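> The chain contents come next:
There are 2 protein chains.
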Amino acid sequence: MTNPTAAMIVIGDEILSGRTRDSNMNHLAKELTKVGIDLREARVVSDDRDAIIGAITELRDKVDHVFTSGGIGPTHDDITADCVAAAFGVSIDIREDAYALLAAHYERQGSEFNAARQRMARIPDGAVLIENPVSIAPGFAMDNVFVMAGVPAVFETMVASVLPTLTGGAPLLSQNLRVERGEGDIAGPLSELASEFSDLSIGSYPFQKNGIYGANIVIRGADGARVDAAMTRLCEMFPA
Amino acid sequence: MTNPTAAMIVIGDEILSGRTRDSNMNHLAKELTKVGIDLREARVVSDDRDAIIGAITELRDKVDHVFTSGGIGPTHDDITADCVAAAFGVSIDIREDAYALLAAHYERQGSEFNAARQRMARIPDGAVLIENPVSIAPGFAMDNVFVMAGVPAVFETMVASVLPTLTGGAPLLSQNLRVERGEGDIAGPLSELASEFSDLSIGSYPFQKNGIYGANIVIRGADGARVDAAMTRLCEMFPA
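These protein sequence lines are chains A and B, in that order. When the letters of the first sequence are read in order and numbered with UniProt numbering, they come out as residues 1 to 240. When the letters of the second sequence are read in order and numbered with UniProt numbering, they come out as residues 1 to 240.
Simulated from the structure, these hints should not be mistaken for laboratory data. This structure is a prediction, so every number in the text was calculated from the model and none was measured. There may be inaccurate statements among the hints.
The list treats identical chains as interchangeable, and a pair is accepted whether it falls inside one copy or across any two copies.
Unchecked claim - With a straight-line Cα cutoff of 20 Å, these simulated DMTMM-like cross-link-like pairs (lysine to aspartate or glutamate) come out:
hint, residue 1, residue 2
1, Lys62, Asp50
2, Lys209, Glu156
3, Lys209, Glu180
4, Lys34, Asp64
5, Lys34, Asp228
6, Lys209, Asp82
7, Lys30, Glu180
8, Lys34, Asp223
9, Lys30, Glu156
10, Lys34, Glu58
11, Lys62, Glu112
12, Lys62, Asp93
13, Lys209, Asp50
14, Lys34, Glu156
15, Lys209, Asp199
16, Lys209, Asp185
Given only the sequences and the hints, what does the whole structure look like? Please build it.
Right, here's the structure in full:
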């Protein structure tokens, strides 16, 4: 039995120019790992219509679930919703329930519900809204594509409301051993371990800090007993 | 005249599981912006042969320069060099100059130059080495694909030695105005500004912190006078 798969699309020129450092990818990765959905790929694309449509079209066929962040605000560079509609070949217009949510919110706030803000009620035909308790403007799910905000606090709350609606897989268990030896000394024995436990994923992540160098060896798998067995063998190979 | 374009491929299961937060993408993005090379796309792919070969093959046709990070160490999960060779249809074997560098390094260190470490001298046929003053094991450039280490200190030094060899474009100039008003209030005037200065990139990046909310408006372009003119207009629209 294999786990469901996912991909992420981070949308925004500000990430590709280096001005902003994305944090949504790491957040989503950790949350998906907890529920046993395998994040297979993540892409950062610019605020460009062809780039966004291309990434959605390619990835939604390749994995079970696609998550996007960014580009659903009120300004001229927020074009994600239109791109999703184009990718699915459906129309997009202001939707009553989203409009009502926003109208009530801005009335409570005493802010003008102007044309720019009304744009945030434009939802592709057939989508399901994703709640946004932080700043109200909803995300939406279109088939297997989950369209969420770029602002981390909003993205995270949307992820929290979407994930319980998805069928997860076996959560990935992992154990970690820190070995203070050069990766070159670790590599031979580790390769044998990886061959013997080919049902597990065994990774080596080197570090070099304060004059100490070595690697963290991470053993991952869905079967706890197998992960334990591999870790026992690993500890025998590299006694502390 | 348009700037040269680039893409990045971050290779590693540890990023997609959320265990490690990538920092190389943001570093490369900032460095490329300084020299006027446009980073068009970034991808994170797993330690999987098909995924790595697929990303290299697609992106090297799409942009001028492709930068990869990760997967060139001595352990069994380091498969990037083999994937690059396969993507280019060239052979890969231990190369004398890389072997000599590593042999001398491990002799100085008093470490065994074993089979795992010798693997790091395997370089695709026809590639040019990229120097690694930090831990010696070289990266390499194969045509327009620059293959670099995942450890940030090593990645950064490799970027520093590669970028001066590339022809840059006009460095992107940017100016930023912090506006403490809701994006919905900013959006209308900003859209007019973006239409008038369609040769510039004008982005709006909302924030919400300590009860204050608003957006940073960033105006980017290669022509300093135009960026100045747009910023002057923007300041008139939103006086402090």
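> State for each hint whether it applies.
Now for the hints, and whether the structure bears them out:
1. Lys62 <-> Asp50: Answer is both; intra-copy 18 Å and inter-copy 13 Å each pass.
2. Lys209 <-> Glu156: between (31 Å within a copy, 16 Å between copies)
3. Lys209 <-> Glu180: For Lys209 and Glu180, only the intra-copy Cα distance (11 Å) is at most 20 Å; the inter-copy one is 41 Å.
4. Lys34 <-> Asp64: For Lys34 and Asp64, only the intra-copy Cα distance (17 Å) is at most 20 Å; the inter-copy one is 38 Å.
5. Lys34 <-> Asp228: within (19 Å within a copy, 48 Å between copies)
6. Lys209 <-> Asp82: Intra 47 Å, inter 29 Å, cutoff 20 Å: neither.
7. Lys30 <-> Glu180: This pair counts as neither: shortest intra-copy Cα distance 26 Å, inter-copy 33 Å.
8. Lys34 <-> Asp223: within (14 Å within a copy, 48 Å between copies)
9. Lys30 <-> Glu156: Cα proximity of Lys30 and Glu156: one copy only (11 Å, versus 26 Å across).
10. Lys34 <-> Glu58: Result: close neither inside a copy nor across copies, 26 Å intra and 31 Å inter.
11. Lys62 <-> Glu112: neither (42 Å within a copy, 44 Å between copies)
12. Lys62 <-> Asp93: neither (28 Å within a copy, 33 Å between copies)
13. Lys209 <-> Asp50: neither (43 Å within a copy, 33 Å between copies)
14. Lys34 <-> Glu156: Answer is within: at 15 Å inside a copy they meet the 20 Å cutoff, but 32 Å across does not.
15. Lys209 <-> Asp199: Neither: 32 Å inside a chain and 45 Å across chains, both beyond 20 Å.
16. Lys209 <-> Asp185: within (18 Å within a copy, 48 Å between copies)
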